[in-house]
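**Student:** Residues per chain, in single letters:
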Amino acid sequence: MYQTTNTRIIVPEFDVRQPTSLEAVLRELEHNAKGTRLLAGGTDLLVQIKLERTQPARLIDITRVPELMGMAVKDGMLIVGAATSIRTLANGVGVRERYTALAESCDAFSTVPVMIMGTIGGNLCNASPAADTAPALFAFDGAVELASCEGSRRTVPLDEFFVGPGRTVMREDEVMVAVRLPKTAAGTGSAFVKIGRVAADISKVSAAVKLVRKDDRVSECRIAVGAVAATPMRAYTAEQYLAGRRIDAKTLADAARAVEEDVKPITDVRSTKEYRTHVAGVAVKDALGAAWQRARGGERQ
Amino acid sequence: MREKAIVFEVNERQHCTTIPSHRTLLEVLRALGYVDVKCGCEKGDCGACAVLVDGEAIDSCLTLAWTVEGRAITTVAGLGNSNNPHPLQAAFARNGAIQCGFCTPGVIIASESLLRKTPNPSDDEIRFALSGNLCRCTGYTKIFEAVREMVLTRSGGVLR
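Listed in order, the protein sequences are those of chains A and B. Numbering follows our numbering, with no gaps: position 300 of the first sequence is 727. Numbering follows our numbering, with no gaps: position 46 of the second sequence is 199.
Treat the hints as calculated values from the structure; they're not laboratory data. Please note that a few of the clues may not be correct.
Unchecked claim - Label-pair restraints from in silico Cβ distances:
(1) B:Y293 - A:N459: 21 to 31 Å
(2) A:A612 - B:A246: 34 to 44 Å
(3) B:Y293 - A:E688: 35 to 45 Å
(4) B:T271 - A:E577: 42 to 52 Å
(5) A:E450 - B:E278: 48 to 58 Å
(6) A:E457 - B:D276: 20 to 30 Å
(7) B:Q252 - A:Y702: 28 to 38 Å
(8) B:H168 - A:L478: 42 to 52 Å
(9) B:A243 - A:V590: 33 to 43 Å
(10) A:V500 - B:M154: 31 to 41 Å
(11) B:E222 - A:G591: 46 to 56 Å
(12) B:P238 - A:V625: 29 to 39 Å
(13) A:N518 - B:E222: 54 to 64 Å
(14) B:E156 - A:E457: 22 to 32 Å
Built from N, CA and C at the ideal position, the CB exists for glycine as well.
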C-alpha cells in the first residue's frame, strides 16, 4: 500500500506525537527535545522536509492544543495563540480595525489554503527574513511568549526574537505559546505593503508602518521592513526622523531615503540588492501615506 | 511511534487505518482509491490536491495523513457525480470551465470552501479564493465565470 509515483516524497519515517495540552507538549520536549520539530500548519516544514533541508527524528503536532489556539483581549492587550491560523487571525474581532497592518499582512499571505493551514507561530518560528506577518508585528511592538519544559515562561520582544535566516532565540526545549500585542492608542493608523511578483509569491520587499497622529503631526511611529536583511528589521533612523513631523512629500522622501540607507538586502532568485534597496523606500513611503490617512480618525486605526 | 492508527471520514465514509508517519494525506487518499484528488506540484503552489477538511480547503500534499485523526474530509467526488452533480460542478460544465480537467477537482474544492464561508462573494473575493489554484490550460476566465454564475443564481441575480 501507499506506493506512489510522485516526485516529492518524504523518505525517512519519524516518531509522531499528537498531544492535547500544553503540559503534554512540554513533557514530550522534556524527554527528547533533540531532533524534535513542532508541527503546526506544516506549510513550511513539510516543504523543508520534502526538500531534505531538515530531517526531524520526531514531530509533535501542536494543532490539538487548546492553550495554543484562539485569541483574547486581556488588559487591553491582544493575545493570539501561537497555533492560531493566519485566516482566523485576519478575521479576528477588532483585528482589522485596530491592527490594520497585521490584517493586511495576513491577507497578503500566500494562497487561501496556506492561510487556512499556516499559523502565526509557525510564520515567526520559521524565521524567514520575508515572513509576511513579522514587519506588522514589529510595528505594533509585538512580543512572543515562550514556555519551556522546566516550567519557565519568558516574553521576548519581537525585535529581539530573530537572529538570522531560519534562526531565532528560541531554545529546542521551548514552545511559542502566544503573540502579544499592546493596545493601540487613539489616533493610530497603520498599513502593510508587500511587493512580490504575483500576490501568492514570497515577498521581494515588505513594509509595515504604525503611527500615531496628534495635532496633525506624527507623535509616535514604527516602521519595519521585510526581505531586506538577514531578519525582518525596524527602520529606526526613519522612525526617529519622522517623530514630531508632518507627513508630506518632503518628509516622505526623506524617510524613504533613510530606509534605503538602513537596509542590507541581498540579491537572490526573487530580486536584486539594488531593486530591493530602492523599493524598500517606496514601500515604506506608500505604507506611511496610507497609515497617515487612516490615522485621521477613520474607522480603521 | 513511526505509524499511527487513526479514524477519519472521507466523503461520509469512515476509514480506520494505520498510517506510516511520513505519508501525506494526498498519498493516503489516492492509495485508498480517492484518485479524484490530483497530485501536482506537491509543495503547496498549485492547489490540485486541495480537499475540504471540516469544510475548509487545505492542500493535502502539505498535510501529514496522521494529523487528520477524527476529521471529516471531502474530495470533489464527495460533492457530486455525473448523475447527480453538485451545482458548482454543473456550473463548470455549463460554462466550459474545464479543458484537460487536471486542476478542476482542486478548483471546485477551493470554490466550495469559499461559498461555504461567504455565500455571496464579490468578484475580488472569488479571484482571491482561486489564487491558490494553477490552471495550465489558461482557463481562468471560464472558471471565474462559472463560480460567478453560481453565485448569481444563488443570490437571485443580484451582484455585489
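**Student:** When the hints from earlier in the document are held up against this structure, which numbers fail?
**Tutor:** Those not satisfied are hints 1, 2, 5, 6, 8, 9, 11 and 13.
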